[in-house]
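Given these sequences and hints, build the entire structure.
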Amino acid sequence: MGDPLLGRVINRRFRLEEQLGSGGMGVVYRARHLLIDRVVAIKILLPGKNTDHLRAWFLREARAVNRINHAHIVDIHDYGETDDGLAYLVMELLDGTPLNEIIARGPMPVSRTADIIEQCCAALARAHDLGVIHRDLKPDNVFLLEKGGRKDYVKILDFGLARLMQETAASARGAVFGTPEYMSPEQTLGAEATAASDLYSLGVVFFEMLTGRLPFDGPGRNAVMEQHRSASPSPPSRHVPGLLPLAESIVLKLLEKDPGRRYRDAHHLLEDVKALLRQAPRNPWETTTEPAAGGRGGARVSGIVAWSLRAAMFARMLARAFPGGDAPASIAIALDEMWKLSALAARAEGEMGADASKLEAHERRAREFRAQVGRQIEELAREVSHGHRRISELDERRRNLVTLVEEARSVVATLRGRITALEVAGEMGSGLREAYQALGAAEARVAAREDELDDLNGKLVATESQIASLESQSRSYREQLERSADAMETEAATLRRRVSERTEESGRQDRALVDTTQALLDVLGTRPECVEILQEMQDLVGLPPGTHPPPGLLRPA
1 MGDPLLGRVI NRRFRLEEQL GSGGMGVVYR ARHLLIDRVV AIKILLPGKN TDHLRAWFLR
61 EARAVNRINH AHIVDIHDYG ETDDGLAYLV MELLDGTPLN EIIARGPMPV SRTADIIEQC
121 CAALARAHDL GVIHRDLKPD NVFLLEKGGR KDYVKILDFG LARLMQETAA SARGAVFGTP
181 EYMSPEQTLG AEATAASDLY SLGVVFFEML TGRLPFDGPG RNAVMEQHRS ASPSPPSRHV
241 PGLLPLAESI VLKLLEKDPG RRYRDAHHLL EDVKALLRQA PRNPWETTTE PAAGGRGGAR
301 VSGIVAWSLR AAMFARMLAR AFPGGDAPAS IAIALDEMWK LSALAARAEG EMGADASKLE
361 AHERRAREFR AQVGRQIEEL AREVSHGHRR ISELDERRRN LVTLVEEARS VVATLRGRIT
421 ALEVAGEMGS GLREAYQALG AAEARVAARE DELDDLNGKL VATESQIASL ESQSRSYREQ
481 LERSADAMET EAATLRRRVS ERTEESGRQD RALVDTTQAL LDVLGTRPEC VEILQEMQDL
541 VGLPPGTHPP PGLLRPA
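Each residue of the sequence shown is one higher than the one before, starting from 1 at the first, in our numbering.
You can take every hint at face value.
Label-pair distances were calculated between CB atoms; the ranges are: (1) LEU5 / GLU396: 54 to 60 Å; (2) GLU529 / GLY149: 53 to 59 Å; (3) ARG365 / ARG399: 47 to 53 Å; (4) ARG365 / SER476: 20 to 26 Å; (5) ASP486 / VAL402: 47 to 53 Å; (6) GLU351 / GLU17: 24 to 30 Å; (7) SER249 / GLU17: 45 to 51 Å; (8) ALA191 / SER410: 42 to 48 Å; (9) PRO235 / GLY431: 55 to 61 Å; (10) ALA354 / LEU5: 30 to 36 Å; (11) ARG511 / ASP539: 21 to 27 Å.
Calculated directly from the structure, the hints in this document are not laboratory data. The structure displayed is predicted, hence computed values, not measured ones. Glycine included, every Cβ here is placed at the ideal spot set by N, Cα and C.
Now the structure itself:
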């Protein structure tokens, strides 16, 4: 039984042409925008008892991912619901290779691996800055493209789908969802995924790329999850002799069981990955040559020009078939109608083109705005990351200094006790003098360390204040992004609705033109004196789909 959605037009704009993949919750299709001829991918959340209540969540997640707007996260062009309740997500159609297929070929050089991890890390940093967690990062969700003159251009897919899958099942509290081989220890315990969970999953991917194998494997789902919780990964260098120490250090830090012992955030990780790239040999996969643009010879005339040429050719056929002007009234009326419809279609096409241009320009401005604000938030987050690490360093120094101050105060107390004892005993000689000298030195150490502690506490307060200010700025940017993006989406929805209405009107005009063409073909197409012109029409513009010329009169175009 065929797919009932194939051929359907979604929201009067996107025709579903081919099913690309399916899962437990939805189906991905290749689709074509009817007006601007853009080929896209559309993910549709299929209706059913387990998914009907998830439409709002699906659309919220799409909205959140859409606002990330990062070069290494799949672009989302549009999302919404059809009149009959199908939730859909319109994305860029990727022409590339999933990372799992590359890994299946064997271990990858550290230079190539670090290049891919760096791009993944940059994408995660932006997503985490905006509060979006992937929850199921794995090689299947990392696509490698050829873009901008380079290979291995990363695009990450399916942000948030693990959460959506979790919501579909009416299961016991604490149930675990995701891909066990790439799941963080806390996720195996049923805890909510965090940014640190994404970094752990990235560490598993990093390990697998370097070694060609997973850090943990077992006979079943539960065995693998138990290893994530309790087993230590083998050092990657055991499988890859001569591996750069920094590569191994990064992987093992990402695979720490305790989230607090992993990298503080993706910005922190990105610094070490960039350092690894500087150490690694040059990546031979880094660039590629863009294919030369080919010629388009033999293309037919299409669109409104084609309809106008058909009308002109039918006028020639009418004159040739009825040179005395005695053509049936119905044929003359049909030809006149064709001219009128062609003029209306030309005007409608111009209006559609103008509206489509406005929509394209608006979507471009919206993407640029989201990218600009995203970069500002990212820069602030990078500074906050540095600040938190600075606080950790200062706090550790403060704890050590407090210990030293307490020890010095203990020495002072001991010396004072000794002096008191000597004075009570009537000792006034060198022993008492030495005790006072030692006490002076100890009190000086206490004072110096207390001054150092005060200075350190001041630095801590200043750094915490700076971080609070940066976080306040970041919140303001996120609020600005929400407000402006909402307004832009409202305007975009208005423009899309107008384009859809124009597209629908154009479709009605096209159907009327097809009907008129068939009426003319039924009479003129049977006249031998018209065959030459009819063949010319076939060769130059073709007959419109849905029409049927008299059999045997035309050779193939």
